[in-house]
Amino acid sequence: MIPRFYDPTEGKVKIFGIDAKDYKRKNLEDIIGVVPQKALLFKGTIRSNLLWGNENATEEELVEALKLSQSYDFVKEKDKGIDSEVAQKGKNFSGGQKQRLTIARALVKKPKILILDDSSSALDYATDAKLRSDIKTLKDITLFVVSQRTASIMDADQIVVLDDGKVVGFGTHDEL
Numbered sequence: 001m002i003p004r005f006y007d008p009t010e011g012k013v014k015i016f017g018i019d020a021k022d023y024k025r026k027n028l029e030d031i032i033g034v035v036p037q038k039a040l041l042f043k044g045t046i047r048s049n050l051l052w053g054n055e056n057a058t059e060e061e062l063v064e065a066l067k068l069s070q071s072y073d074f075v076k077e078k079d080k081g082i083d084s085e086v087a088q089k090g091k092n093f094s095g096g097q098k099q100r101l102t103i104a105r106a107l108v109k110k111p112k113i114l115i116l117d118d119s120s121s122a123l124d125y126a127t128d129a130k131l132r133s134d135i136k137t138l139k140d141i142t143l144f145v146v147s148q149r150t151a152s153i154m155d156a157d158q159i160v161v162l163d164d165g166k167v168v169g170f171g172t173h174d175e176l
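Residue numbers (our numbering): 1 to 176.
Think of the hints as simulated: they come from the structure by calculation, not from any bench.
Keep in mind the model is a prediction, meaning the values are calculated, not measured.
Among the clues, some could well be false.
In silico lysine-lysine, DSSO-like type, Cα no more than 30 angstroms apart, as pairs [to be verified]: (1) K110 x K21; (2) K14 x K136; (3) K136 x K76; (4) K112 x K43; (5) K38 x K166; (6) K12 x K112; (7) K43 x K110; (8) K89 x K78; (9) K67 x K89; (10) K80 x K110; (11) K43 x K21; (12) K26 x K112; (13) K14 x K38; (14) K76 x K43; (15) K139 x K91; (16) K12 x K26; (17) K91 x K43; (18) K166 x K12; (19) K24 x K12; (20) K110 x K38; (21) K89 x K112; (22) K14 x K166.
All chains should be built: construct the whole structure from the sequences, respecting the hints.
This is the structure in structure tokens:
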């Protein structure tokens, strides 16, 4: 609902105090980064995939996004590094690598709101924890994490628990 893929049937979704319906879709696209569970990479290079997030990103911004997403090490090990080939749908990468590169692409965008929709499900717990820890260092970003892994949301400021589409709990991990 935040990026307005769907509008609420009741109530309002407010973004920075403004009803989401009052935003032009392009303006929402400019401030929101969404990383879905099913990572999607495009045929090209790692660089070209990252630049989908921001075509004007500098080399430093690309490297920063790779580091934050825990992608930097496996990318630099490739023969051509960031200019290594990406097969259609990223078939030449593991599930976890695809998810991390997709997160990197969203980070290159420098969104004000980042939605990680179960987008670390293919990561091992240590990588997931490091990723979350590093993303928390970012300034001026609101992070939404959708996860089935309790460990992925334990340190969240607020947790919303849904059951069959209804809110059944709200609070910190300790409060719930």
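Hint-by-hint comparison with the structure:
1. A hinted pair counts as satisfied when its Cα atoms are at most 30 angstroms apart, and K110 with K21 qualifies at roughly 22 angstroms.
2. As the CA atoms of K14 and K136 are separated by approximately 22 angstroms, the hinted pair is consistent with the 30 angstroms bound.
3. Pair hint K136 plus K76 holds up; C-alpha atoms about 24 angstroms apart against a cutoff of 30 angstroms.
4. Our distance criterion of 30 angstroms between C-alpha atoms is met by K112 and K43, whose separation comes to about 28 angstroms.
5. Taking the CA atoms of K38 and K166, the gap is about 24 angstroms. The hint holds against a cut of 30 angstroms.
6. In summary, the hint linking K12 to K112 is supported, as the alpha carbons are separated by about 20 angstroms, within the 30 angstroms threshold.
7. Of the supplied pair hints, the one linking K43 and K110 holds, its CA atoms being roughly 23 angstroms apart against a limit of 30 angstroms.
8. Between K89 and K78 the CA atoms are separated by roughly 18 angstroms; this keeps the pair inside 30 angstroms, and the hint holds.
9. In summary, the hint linking K67 to K89 is supported, as the alpha carbons are separated by about 22 angstroms, within the 30 angstroms threshold.
10. Under the criterion of a C-alpha separation no larger than 30 angstroms, the hint pairing K80 with K110 is consistent with the structure, at around 25 angstroms.
11. The suggested pairing of K43 with K21 is violated, with an alpha-carbon distance near 34 angstroms, which exceeds 30 angstroms.
12. Annotation: proposed proximity of K26 to K112 holds, straight-line Cα distance about 14 angstroms (limit 30 angstroms).
13. Using a Cα cut-off of 30 angstroms, the hinted pair K14 and K38 holds, with the two alpha carbons roughly 27 angstroms apart.
14. For the suggested pair K76 and K43, the alpha carbons sit about 19 angstroms apart, so the restraint of at most 30 angstroms is met.
15. Taken as a hint, the K139 and K91 pair is broken in the structure, with Cα atoms around 33 angstroms apart against an allowance of 30 angstroms.
16. Taking the CA atoms of K12 and K26, the gap is about 19 angstroms. The hint holds against a cut of 30 angstroms.
17. Our distance criterion of 30 angstroms between C-alpha atoms is met by K91 and K43, whose separation comes to about 9 angstroms.
18. A hinted pair counts as satisfied when its Cα atoms are at most 30 angstroms apart, and K166 with K12 qualifies at roughly 15 angstroms.
19. Between K24 and K12 the CA atoms are separated by roughly 16 angstroms; this keeps the pair inside 30 angstroms, and the hint holds.
20. For the hint linking K110 to K38, the alpha-carbon distance of about 21 angstroms falls within 30 angstroms, and the restraint holds.
21. A distance of roughly 27 angstroms separates the Cα atoms of K89 and K112; the hinted pair therefore holds under the 30 angstroms criterion.
22. Taken as a hint, the K14 and K166 pair is honoured in the structure, with Cα atoms around 18 angstroms apart against an allowance of 30 angstroms.
Violation of the numbered hints given earlier is confined to hints 11 and 15; the remaining hints are satisfied by the structure.
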